[in-house]
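Residues 52 to 415 in the working numbering are what the sequence shown lists, from first letter to last.
No lab work stands behind these hints: they were computed from the structure. Don't take every hint at face value.
[Claimed, not checked] Simulated restraints on C-beta separations:
no., residue 1, residue 2, range
1, Met-119, Pro-318, 38 to 44 angstroms
2, Gly-335, Asp-116, 54 to 60 angstroms
3, Ala-70, Asp-241, 52 to 58 angstroms
4, Gly-118, His-405, 36 to 42 angstroms
5, Phe-385, Gln-207, 37 to 43 angstroms
Beta carbons are placed, not taken as given, at the ideal position from N, Cα and C, and that holds for glycine.
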Amino acid sequence: MQAETPEQGNRHAATVLIAERAAVLILLALLLFGIVRVLEPFAMAICFGAFIAIGTWPARAALVDRGMRPGIAAVVMLVLLLVLVLLPVAMMAPSLATQVGQVVGQARAAFENLPPVAPGWVSGLPLVGDQAAAFWARIANLQGDVKGLIAPYSGQIASLLVSVGQAAAESVLQILLALVVAAMFWASGDAMADQLRDVAGRLGGATGVAAVEAAGGAVRGVAWGVVGTGILQAVLMGAGLAVAGVPGAAVLGFLTMIFSISQVLGPLVVVTWGGAAAWLYSEGSTGWAIFMLAWGLVAVSGSDNIVRPLLIQRGSAMPLGLIILGVFGGLIAFGFLGLFIGPALLAVAHGLLHAWRQAGQVAG
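All chains should be built: construct the whole structure from the sequences, respecting the hints.
What follows is the structure, encoded as C-alpha coordinates:
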(Lines of atoms letter the chains of each structure in order from A; the text may use other names.)
(Lines give C-alpha, C1' and ligand atoms only; values in the text may rest on other atoms or scores of the structure.)
Protein backbone atom coordinates (compact mmCIF):
# COMPACT_ATOMS: atom_id res chain seq x y z
CA MET A 52 0.00 0.00 0.00
CA GLN A 53 1.46 3.33 -1.11
CA ALA A 54 2.24 5.78 1.70
CA GLU A 55 0.56 9.18 1.70
CA THR A 56 2.84 12.01 0.58
CA PRO A 57 3.16 15.19 2.66
CA GLU A 58 1.33 17.17 -0.05
CA GLN A 59 -1.56 14.71 0.00
CA GLY A 60 -1.61 14.85 3.79
CA ASN A 61 -1.86 18.63 3.70
CA ARG A 62 -4.72 18.47 1.19
CA HIS A 63 -6.51 15.91 3.34
CA ALA A 64 -6.08 18.07 6.46
CA ALA A 65 -7.35 21.14 4.57
CA THR A 66 -10.37 19.20 3.32
CA VAL A 67 -11.16 18.00 6.82
CA LEU A 68 -10.80 21.54 8.16
CA ILE A 69 -13.13 22.94 5.50
CA ALA A 70 -15.68 20.20 6.23
CA GLU A 71 -15.51 20.89 9.96
CA ARG A 72 -15.95 24.64 9.44
CA ALA A 73 -18.85 24.04 7.06
CA ALA A 74 -20.50 21.77 9.63
CA VAL A 75 -20.00 24.39 12.33
CA LEU A 76 -21.49 27.10 10.09
CA ILE A 77 -24.48 24.89 9.25
CA LEU A 78 -25.08 24.15 12.93
CA LEU A 79 -24.72 27.83 13.77
CA ALA A 80 -27.21 28.75 11.03
CA LEU A 81 -29.67 26.18 12.35
CA LEU A 82 -29.20 27.53 15.86
CA LEU A 83 -29.85 31.09 14.71
CA PHE A 84 -32.88 29.94 12.71
CA GLY A 85 -34.29 28.20 15.79
CA ILE A 86 -33.70 31.27 17.94
CA VAL A 87 -35.46 33.49 15.39
CA ARG A 88 -38.44 31.14 15.23
CA VAL A 89 -38.71 31.03 19.03
CA LEU A 90 -38.50 34.82 19.42
CA GLU A 91 -40.54 35.70 16.32
CA PRO A 92 -43.92 35.92 18.14
CA PHE A 93 -42.36 38.36 20.60
CA ALA A 94 -40.25 40.35 18.13
CA MET A 95 -42.52 43.41 18.28
CA ALA A 96 -42.64 43.37 22.08
CA ILE A 97 -38.86 42.85 22.36
CA CYS A 98 -38.06 45.73 20.00
CA PHE A 99 -40.65 48.03 21.56
CA GLY A 100 -39.50 47.10 25.06
CA ALA A 101 -35.87 47.81 24.13
CA PHE A 102 -36.85 51.21 22.75
CA ILE A 103 -38.83 52.01 25.91
CA ALA A 104 -35.88 51.01 28.09
CA ILE A 105 -33.43 53.10 26.05
CA GLY A 106 -35.72 56.13 26.05
CA THR A 107 -36.32 55.99 29.82
CA TRP A 108 -32.78 54.96 30.76
CA PRO A 109 -31.87 58.36 32.30
CA ALA A 110 -34.75 58.01 34.78
CA ARG A 111 -33.66 54.47 35.67
CA ALA A 112 -30.04 55.63 36.03
CA ALA A 113 -31.16 58.43 38.38
CA LEU A 114 -32.90 55.89 40.64
CA VAL A 115 -29.84 53.61 40.69
CA ASP A 116 -27.50 56.54 41.38
CA ARG A 117 -29.55 57.34 44.48
CA GLY A 118 -28.77 53.92 45.93
CA MET A 119 -31.70 51.88 44.62
CA ARG A 120 -30.89 48.36 43.44
CA PRO A 121 -31.41 47.76 39.71
CA GLY A 122 -34.12 45.14 40.30
CA ILE A 123 -36.09 47.44 42.60
CA ALA A 124 -35.61 50.35 40.19
CA ALA A 125 -37.02 48.18 37.40
CA VAL A 126 -40.10 47.36 39.47
CA VAL A 127 -40.62 51.04 40.35
CA MET A 128 -40.31 52.06 36.69
CA LEU A 129 -42.72 49.33 35.62
CA VAL A 130 -45.33 50.34 38.20
CA LEU A 131 -45.02 54.00 37.25
CA LEU A 132 -45.51 53.28 33.54
CA LEU A 133 -48.46 51.00 34.24
CA VAL A 134 -50.06 53.74 36.33
CA LEU A 135 -49.42 56.33 33.62
CA VAL A 136 -50.99 54.06 30.99
CA LEU A 137 -53.86 52.49 32.92
CA LEU A 138 -54.93 55.34 35.21
CA PRO A 139 -56.04 57.72 32.44
CA VAL A 140 -57.89 54.86 30.74
CA ALA A 141 -59.68 54.00 33.99
CA MET A 142 -60.58 57.64 34.54
CA MET A 143 -61.78 58.06 30.98
CA ALA A 144 -63.91 54.91 30.80
CA PRO A 145 -66.89 56.05 32.95
CA SER A 146 -67.37 59.27 30.96
CA LEU A 147 -66.73 57.69 27.57
CA ALA A 148 -70.19 56.15 27.32
CA THR A 149 -71.77 59.49 28.22
CA GLN A 150 -69.68 61.29 25.62
CA VAL A 151 -70.63 58.77 22.94
CA GLY A 152 -74.31 59.15 23.86
CA GLN A 153 -74.06 62.91 23.57
CA VAL A 154 -72.42 62.65 20.15
CA VAL A 155 -75.15 60.28 18.94
CA GLY A 156 -77.84 62.62 20.28
CA GLN A 157 -76.31 65.62 18.57
CA ALA A 158 -76.06 63.67 15.29
CA ARG A 159 -79.72 62.64 15.56
CA ALA A 160 -80.76 66.25 16.19
CA ALA A 161 -78.70 67.44 13.23
CA PHE A 162 -80.29 64.82 10.96
CA GLU A 163 -83.79 65.83 12.09
CA ASN A 164 -83.20 69.45 11.11
CA LEU A 165 -81.75 68.74 7.67
CA PRO A 166 -83.66 70.33 4.75
CA PRO A 167 -85.18 67.73 2.40
CA VAL A 168 -83.13 68.93 -0.59
CA ALA A 169 -79.37 69.23 -0.55
CA PRO A 170 -77.87 72.71 -1.05
CA GLY A 171 -76.57 73.61 -4.46
CA TRP A 172 -72.92 73.41 -3.44
CA VAL A 173 -73.39 69.77 -2.38
CA SER A 174 -74.93 68.64 -5.67
CA GLY A 175 -72.36 70.74 -7.53
CA LEU A 176 -69.38 68.87 -6.10
CA PRO A 177 -67.24 67.39 -8.88
CA LEU A 178 -67.40 63.60 -9.38
CA VAL A 179 -69.45 62.92 -6.22
CA GLY A 180 -72.13 65.62 -6.39
CA ASP A 181 -75.02 63.38 -7.47
CA GLN A 182 -74.16 60.66 -4.95
CA ALA A 183 -73.79 63.23 -2.16
CA ALA A 184 -77.18 64.80 -2.99
CA ALA A 185 -78.88 61.39 -3.04
CA PHE A 186 -77.30 60.49 0.31
CA TRP A 187 -78.42 63.85 1.73
CA ALA A 188 -82.01 63.16 0.66
CA ARG A 189 -81.91 59.70 2.22
CA ILE A 190 -80.70 61.08 5.54
CA ALA A 191 -83.40 63.77 5.50
CA ASN A 192 -86.12 61.17 4.81
CA LEU A 193 -85.04 59.10 7.80
CA GLN A 194 -85.67 62.12 10.10
CA GLY A 195 -83.09 61.29 12.71
CA ASP A 196 -83.43 57.50 12.61
CA VAL A 197 -79.72 56.68 12.99
CA LYS A 198 -80.41 52.93 13.17
CA GLY A 199 -82.20 53.05 9.84
CA LEU A 200 -79.30 54.96 8.35
CA ILE A 201 -76.67 52.40 9.29
CA ALA A 202 -78.86 49.29 8.81
CA PRO A 203 -77.67 48.61 5.20
CA TYR A 204 -74.08 48.71 6.41
CA SER A 205 -74.55 46.68 9.58
CA GLY A 206 -72.52 43.74 8.27
CA GLN A 207 -69.56 45.88 7.29
CA ILE A 208 -69.75 47.84 10.54
CA ALA A 209 -69.83 44.64 12.61
CA SER A 210 -66.83 43.26 10.73
CA LEU A 211 -64.98 46.54 11.20
CA LEU A 212 -65.75 46.60 14.93
CA VAL A 213 -64.51 43.02 15.30
CA SER A 214 -61.29 43.87 13.46
CA VAL A 215 -60.79 47.00 15.54
CA GLY A 216 -61.44 45.05 18.75
CA GLN A 217 -58.95 42.36 17.79
CA ALA A 218 -56.34 44.96 16.85
CA ALA A 219 -56.93 46.82 20.13
CA ALA A 220 -56.62 43.62 22.19
CA GLU A 221 -53.44 42.66 20.35
CA SER A 222 -52.02 46.15 20.85
CA VAL A 223 -52.74 46.05 24.58
CA LEU A 224 -51.08 42.64 24.85
CA GLN A 225 -48.04 43.85 22.91
CA ILE A 226 -47.76 46.93 25.14
CA LEU A 227 -47.92 44.83 28.31
CA LEU A 228 -45.29 42.42 26.95
CA ALA A 229 -43.13 45.37 25.91
CA LEU A 230 -43.31 46.79 29.44
CA VAL A 231 -42.25 43.42 30.87
CA VAL A 232 -39.34 43.30 28.40
CA ALA A 233 -38.42 46.88 29.31
CA ALA A 234 -38.39 45.89 33.00
CA MET A 235 -35.93 43.08 32.16
CA PHE A 236 -33.69 45.59 30.41
CA TRP A 237 -33.94 47.99 33.36
CA ALA A 238 -32.95 45.20 35.75
CA SER A 239 -29.95 43.86 33.82
CA GLY A 240 -29.29 46.59 31.30
CA ASP A 241 -25.82 47.48 32.55
CA ALA A 242 -24.45 43.98 31.97
CA MET A 243 -26.20 43.71 28.61
CA ALA A 244 -24.83 47.09 27.50
CA ASP A 245 -21.30 46.05 28.50
CA GLN A 246 -21.63 42.82 26.55
CA LEU A 247 -22.94 44.68 23.51
CA ARG A 248 -20.06 47.14 23.65
CA ASP A 249 -17.61 44.25 24.02
CA VAL A 250 -19.00 42.49 20.94
CA ALA A 251 -19.04 45.75 18.96
CA GLY A 252 -15.47 46.43 20.05
CA ARG A 253 -14.30 42.99 18.97
CA LEU A 254 -15.99 43.38 15.57
CA GLY A 255 -15.23 47.03 14.81
CA GLY A 256 -12.94 48.39 17.49
CA ALA A 257 -13.58 51.91 18.72
CA THR A 258 -15.67 52.59 15.62
CA GLY A 259 -18.02 49.71 16.47
CA VAL A 260 -18.47 50.98 20.04
CA ALA A 261 -19.14 54.51 18.74
CA ALA A 262 -21.73 53.12 16.28
CA VAL A 263 -23.57 51.38 19.13
CA GLU A 264 -23.55 54.58 21.19
CA ALA A 265 -24.83 56.57 18.20
CA ALA A 266 -27.68 54.11 17.62
CA GLY A 267 -28.67 54.30 21.29
CA GLY A 268 -28.60 58.09 21.20
CA ALA A 269 -30.78 58.16 18.09
CA VAL A 270 -33.36 55.82 19.63
CA ARG A 271 -33.38 57.83 22.84
CA GLY A 272 -33.81 61.09 20.95
CA VAL A 273 -36.73 59.75 18.91
CA ALA A 274 -38.39 58.40 22.07
CA TRP A 275 -38.09 61.78 23.75
CA GLY A 276 -39.35 63.55 20.65
CA VAL A 277 -42.36 61.29 20.03
CA VAL A 278 -43.54 60.97 23.62
CA GLY A 279 -42.63 64.52 24.65
CA THR A 280 -44.44 66.04 21.69
CA GLY A 281 -47.48 63.84 22.35
CA ILE A 282 -47.66 65.00 25.98
CA LEU A 283 -47.24 68.64 25.00
CA GLN A 284 -49.94 68.43 22.33
CA ALA A 285 -52.29 66.75 24.81
CA VAL A 286 -51.77 69.53 27.37
CA LEU A 287 -52.24 72.25 24.75
CA MET A 288 -55.33 70.56 23.33
CA GLY A 289 -56.92 70.06 26.75
CA ALA A 290 -56.18 73.64 27.77
CA GLY A 291 -57.63 75.08 24.56
CA LEU A 292 -60.76 72.94 24.77
CA ALA A 293 -61.30 73.83 28.43
CA VAL A 294 -60.93 77.57 27.78
CA ALA A 295 -63.35 77.38 24.83
CA GLY A 296 -65.88 75.47 26.92
CA VAL A 297 -65.86 72.23 24.94
CA PRO A 298 -67.12 69.29 27.07
CA GLY A 299 -64.80 66.33 27.66
CA ALA A 300 -61.59 68.37 27.38
CA ALA A 301 -59.57 65.92 29.49
CA VAL A 302 -60.74 62.91 27.46
CA LEU A 303 -60.03 64.61 24.15
CA GLY A 304 -56.63 65.71 25.44
CA PHE A 305 -55.72 62.14 26.38
CA LEU A 306 -56.89 60.88 22.99
CA THR A 307 -54.75 63.58 21.36
CA MET A 308 -51.69 62.17 23.11
CA ILE A 309 -52.51 58.66 21.85
CA PHE A 310 -53.05 59.95 18.31
CA SER A 311 -49.79 61.92 18.37
CA ILE A 312 -47.64 59.10 19.77
CA SER A 313 -49.07 56.50 17.39
CA GLN A 314 -48.04 58.61 14.34
CA VAL A 315 -50.37 56.55 12.13
CA LEU A 316 -53.36 58.23 13.78
CA GLY A 317 -51.64 61.62 13.74
CA PRO A 318 -54.16 63.22 11.32
CA LEU A 319 -56.88 62.63 13.94
CA VAL A 320 -55.28 65.40 16.00
CA VAL A 321 -56.45 67.85 13.32
CA VAL A 322 -59.85 66.15 13.28
CA THR A 323 -60.10 66.63 17.06
CA TRP A 324 -59.57 70.38 17.18
CA GLY A 325 -61.36 70.84 13.86
CA GLY A 326 -64.38 68.93 15.16
CA ALA A 327 -64.34 70.98 18.35
CA ALA A 328 -64.35 74.18 16.28
CA ALA A 329 -67.26 72.88 14.18
CA TRP A 330 -69.20 72.01 17.35
CA LEU A 331 -68.62 75.48 18.77
CA TYR A 332 -69.80 77.05 15.52
CA SER A 333 -72.95 74.91 15.51
CA GLU A 334 -73.65 76.09 19.06
CA GLY A 335 -73.47 79.72 17.95
CA SER A 336 -70.06 80.44 19.51
CA THR A 337 -68.43 81.79 16.35
CA GLY A 338 -65.69 83.64 18.24
CA TRP A 339 -64.67 80.57 20.22
CA ALA A 340 -64.80 78.48 17.04
CA ILE A 341 -62.30 80.85 15.39
CA PHE A 342 -60.16 80.71 18.54
CA MET A 343 -60.21 76.90 18.46
CA LEU A 344 -59.19 76.83 14.80
CA ALA A 345 -56.29 79.21 15.43
CA TRP A 346 -55.23 77.45 18.63
CA GLY A 347 -55.34 74.02 17.03
CA LEU A 348 -53.50 75.11 13.89
CA VAL A 349 -50.76 77.17 15.56
CA ALA A 350 -50.33 75.79 19.09
CA VAL A 351 -51.37 72.13 18.85
CA SER A 352 -50.40 71.06 15.33
CA GLY A 353 -47.70 73.72 14.97
CA SER A 354 -45.84 72.46 18.05
CA ASP A 355 -45.33 69.13 16.30
CA ASN A 356 -43.12 70.76 13.67
CA ILE A 357 -41.03 72.71 16.19
CA VAL A 358 -40.76 70.74 19.42
CA ARG A 359 -40.35 67.23 17.99
CA PRO A 360 -37.17 67.94 15.95
CA LEU A 361 -35.62 69.83 18.86
CA LEU A 362 -36.26 67.00 21.32
CA ILE A 363 -35.01 64.37 18.88
CA GLN A 364 -31.81 66.30 18.18
CA ARG A 365 -31.01 66.50 21.91
CA GLY A 366 -30.45 62.74 22.02
CA SER A 367 -28.44 62.39 18.82
CA ALA A 368 -25.41 64.05 17.26
CA MET A 369 -26.73 63.52 13.73
CA PRO A 370 -27.76 66.47 11.55
CA LEU A 371 -31.41 67.39 11.95
CA GLY A 372 -32.20 66.70 8.29
CA LEU A 373 -30.82 63.17 8.57
CA ILE A 374 -32.88 62.56 11.70
CA ILE A 375 -36.08 63.66 9.98
CA LEU A 376 -35.31 61.42 6.99
CA GLY A 377 -34.74 58.49 9.36
CA VAL A 378 -38.00 59.09 11.23
CA PHE A 379 -40.27 59.39 8.21
CA GLY A 380 -38.42 56.85 6.07
CA GLY A 381 -38.46 54.31 8.89
CA LEU A 382 -42.17 54.94 9.49
CA ILE A 383 -42.95 54.26 5.83
CA ALA A 384 -40.69 51.20 5.60
CA PHE A 385 -41.30 49.48 8.94
CA GLY A 386 -44.43 51.02 10.46
CA PHE A 387 -44.49 52.41 14.00
CA LEU A 388 -41.24 50.74 15.09
CA GLY A 389 -39.60 52.30 12.05
CA LEU A 390 -39.68 55.60 13.96
CA PHE A 391 -36.84 54.16 16.04
CA ILE A 392 -35.26 51.74 13.55
CA GLY A 393 -34.80 54.34 10.80
CA PRO A 394 -32.82 56.92 12.83
CA ALA A 395 -30.81 54.14 14.53
CA LEU A 396 -29.73 52.69 11.16
CA LEU A 397 -28.83 56.12 9.81
CA ALA A 398 -26.94 56.92 13.02
CA VAL A 399 -24.81 53.77 12.63
CA ALA A 400 -24.16 54.53 8.96
CA HIS A 401 -23.33 58.16 9.79
CA GLY A 402 -20.89 57.08 12.50
CA LEU A 403 -19.17 54.52 10.27
CA LEU A 404 -18.86 57.05 7.44
CA HIS A 405 -17.40 59.62 9.82
CA ALA A 406 -14.88 57.09 11.17
CA TRP A 407 -13.90 56.05 7.62
CA ARG A 408 -13.30 59.68 6.62
CA GLN A 409 -11.18 60.27 9.71
CA ALA A 410 -9.11 57.15 8.99
CA GLY A 411 -8.55 58.36 5.42
CA GLN A 412 -7.40 61.77 6.65
CA VAL A 413 -4.94 60.19 9.09
CA ALA A 414 -3.59 57.85 6.44
CA GLY A 415 -3.19 60.76 4.01
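Okay, the hints, checked on the actual structure:
For the pair Met-119 and Pro-318, the supplied restraint of 38 to 44 angstroms holds, since their beta-carbon distance comes to about 42 angstroms. Our hint of 54 to 60 angstroms for Gly-335 and Asp-116 holds, since their Cβ atoms are close to 57 angstroms apart. For Ala-70 paired with Asp-241, a C-beta distance near 42 angstroms fails the hint of 52 to 58 angstroms. Checked against the hint of 36 to 42 angstroms, the C-beta distance between Gly-118 and His-405 comes to roughly 38 angstroms, which is consistent with it.
The hint said 37 to 43 angstroms for the Cβ distance between Phe-385 and Gln-207, and at roughly 30 angstroms that hint is violated.
Consistency with the previously given hints fails for numbers 3, 5, ordered from lowest to highest.
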